[in-house]
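A.B. asks: These are the residues of each chain, in order.
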Amino acid sequence: MFQGLQLFGQAILSFITLQTLFNAVWATELGIIIGMLPGLTATMGVALLTTLTYTMAPNDAILILICMYIGAIYGGSRSAILLNIPGTPANAATTLDGFPLAKAGQAGKAIGVATTGSFIGSVIGMLFLAVFTPMIGSIALSFQSFEFVWFAIFGIIICGNLTAPKDPLKGWIAGFIGLFVAMIGMEGIHAYIRFSFGSSDLSGGISLIPAMVGTFGFAEILSVMRYSKVEVVKSEIGRIMPKPREVGKYWKTILRSGVIGTFIGAIPGVGEDIAAWVSYDLAKRSAKPEERAKFGHGSVEGLLASETGNNACVPGAIIPVLTLAIPGSAPAAVLLGAMLIHGVRPGPLIMVESPMFVYQVIAMVLIATVAMFVLGLTMVRPLVKVLQVPRQKLMPIVFLLCVVGSFALQSRLFDVYVMIVFGVIGFILREMEYPMAPLVLGIILGDILDKNLRRALILSNGDISPFFTRPICLGLFILTMLIVLSRAKWMKTLMGKLKRRKAAA
Amino acid sequence: MTEKSMTKADFVTSIVLLAFGITVVFMSVQMPTMADANQSKFSAPGIVPGFIGVMLSLLSLTMLIRSIKRKGMREIVAKNATKDLLAQETTSRILKTLVICVVYVLLLGKIWFPLPTALFIFAFIIMFEYDFKSALKPQIKKIIVAFIIAAVATALITFVFQSLFLVNLP
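Line by line, the protein sequences are chains C and Z. According to the working numbering, the first sequence is numbered sequentially starting from 6. According to the working numbering, the second sequence is numbered sequentially starting from 271.
Hints listed in this document are in silico derivations from the structure and should not be mistaken for laboratory results. A hint or two may mislead.
Derived DSBU-like pairs: lysine-lysine, alpha-carbon spacing no greater than 35 Å straight-line [stated by the list, open to error]:
#, chain 1, residue 1, chain 2, residue 2
1, C, K171, Z, K339
2, Z, K403, C, K398
3, C, K289, Z, K274
4, C, K398, Z, K366
5, C, K456, Z, K311
6, C, K257, C, K108
7, Z, K407, C, K390
8, C, K171, Z, K366
9, Z, K411, C, K398
10, C, K108, C, K171
11, Z, K412, C, K108
12, Z, K366, C, K390
13, Z, K412, Z, K380
14, C, K502, Z, K274
15, C, K248, C, K108
16, C, K390, C, K248
17, Z, K366, Z, K407
18, C, K398, Z, K412
19, C, K502, Z, K341
20, C, K171, C, K299
21, C, K293, C, K171
22, C, K502, C, K171
23, C, K108, C, K398
24, Z, K411, C, K390
25, Z, K407, C, K171
26, C, K398, Z, K407
27, Z, K339, C, K502
28, Z, K380, C, K398
29, Z, K412, C, K390
30, Z, K403, C, K390
31, C, K254, C, K293
32, Z, K380, Z, K274
33, Z, K380, Z, K366
34, Z, K274, C, K171
35, C, K390, C, K108
Sample of chain Z residues lacking proximity to chain C, with all beta carbon distances greater than 10 Å (derived) [unchecked claim]:
#, residue
36, I285
37, V299
38, I338
39, W382
40, E399
Don't be surprised by glycine CBs; every beta carbon is placed ideally from N, CA and C.
Can you build the whole structure from these sequences, using the hints too?
C.D. replies: Here it is as structure tokens:
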């Protein structure tokens, strides 16, 4: 415990240099701007910066990425409040109460409350990150291939289930398509080339970053360009700094949202958008009746719940990245990819091999959170101008960034084509309500599933019983089955209700 | 998407996915087992893709059955739907964006990077801002602004990426 504190202190001290602080400030501010702009998400911001920073030292690069991540998730609240358009999917719940507040002439207060909520949420998430990473890391040391196989399958099932609440089947299909994408190219045990159809480009496999830039960048450009106008709301921005009492009286909601946000973040692939919705929903349910009536019409409590939830999710999503090398959200997936590019190998061994790195990440989260808080409360008015740039002038430049971002890592045009193809596929799938998060998670988990399933089978000589008898395996198996069965039953009762309703009509 | 068109879309995609899943299984079975190379047959490269193929087939089959139950295939007869979709302004905007982006990417690597880049930004802005039916004169400002944005953005991107971030450009 004390050793942890000491390492954390060392990590913080090592980051207090002019250059690091400068990097933190510009990356966070850029993150806020990217988060604010509808069509530019946190995932894309982190993916683009990954390629731009890969010539930097690992610590500098990862600090910049974490600042971008935290800044973007927070920045999305700006456009949610001022335009009624969530800047990133994570801020969808913020529009419900943020926009009515802005319409009532309290835009400044709403921004202040959102900033405070995001800050506290991030801090709560960071505390969990600090406490749970070493703990889960030491448990994860006993995991073998059998457990990792279940983690991969469980990840896909729970992610598909939670990101496609209307139709989990589509979430699961998206997840398995992602797993398949990971199968393309040379496999890791015999170097046998799968599904390349003789193409030397395909035999190298599909890289994560171009695929992500496509599904989260280019697909987003296509859907943003569909409509011509943005309705910019002229709203007076008054006092921004909220009074402590305004926020303090909702301490229960803040605490609850922080814990829920972190927990949801830690679930593989389930990210900030779900965290915000769940904490908003729970806040609404447990609010006092007179406060509950205000939800959806400009409730400070609702705004706090959603913004605390989504920012608490960020450190939460980093927990499984560090301990299991499984991303907790889509931006965290890119972060994981970036760590691998920089030669850091997250996973169960990280607390043994490089415990310092874990504490450095916690320190980075702290720096990014503080930067977000300070920048969030200052420079509000000039930044609002960015929202007024018409989309047909902004999107071609965003597309250029997508192209350069996918090209830069390996300097091959094939990656740019991958970006385009994934953008189109992503756009079509999203139109048909397939969630993108399981797809991305699948691309990462595919490799884990492939190596571990075969290793496990070799170890047990083809016997599949260890998959069901080892305690953690059994637990994950039961959980997976419960999720699938609960959805099947849910479908049945819904169908039954519909039939009854039809019969009654 | 409306619920009806969604059921129809599900019907079509589930058939495509089912065919895809079965193809994946088929290809996985044909992969060598590596047993003749004195390796454990459980390390065969086809095991995991085969499993994924089976799961994809099962899931898409479930969706197919569900959309048949919801009468997705009857909707397919309505041919006008495709025409209506193409006639919508939103669809044409999406297609325009897609075409100009793809053309730009295909030009990359063949010509010096800043040239197609500036042209792309200029064409993109003009395509969505310029009213081709109106006279040129009152719109001359739009063209100048688009030209300036294209020139400045291209210069900035080329400089920042090449000189500051030390990144290769196509």
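A.B. asks: Taking the earlier hints as the rules, which of them does this structure contradict?
C.D. replies: The structure conflicts with hints 25, 32 and 40, although it agrees with all the remaining ones.
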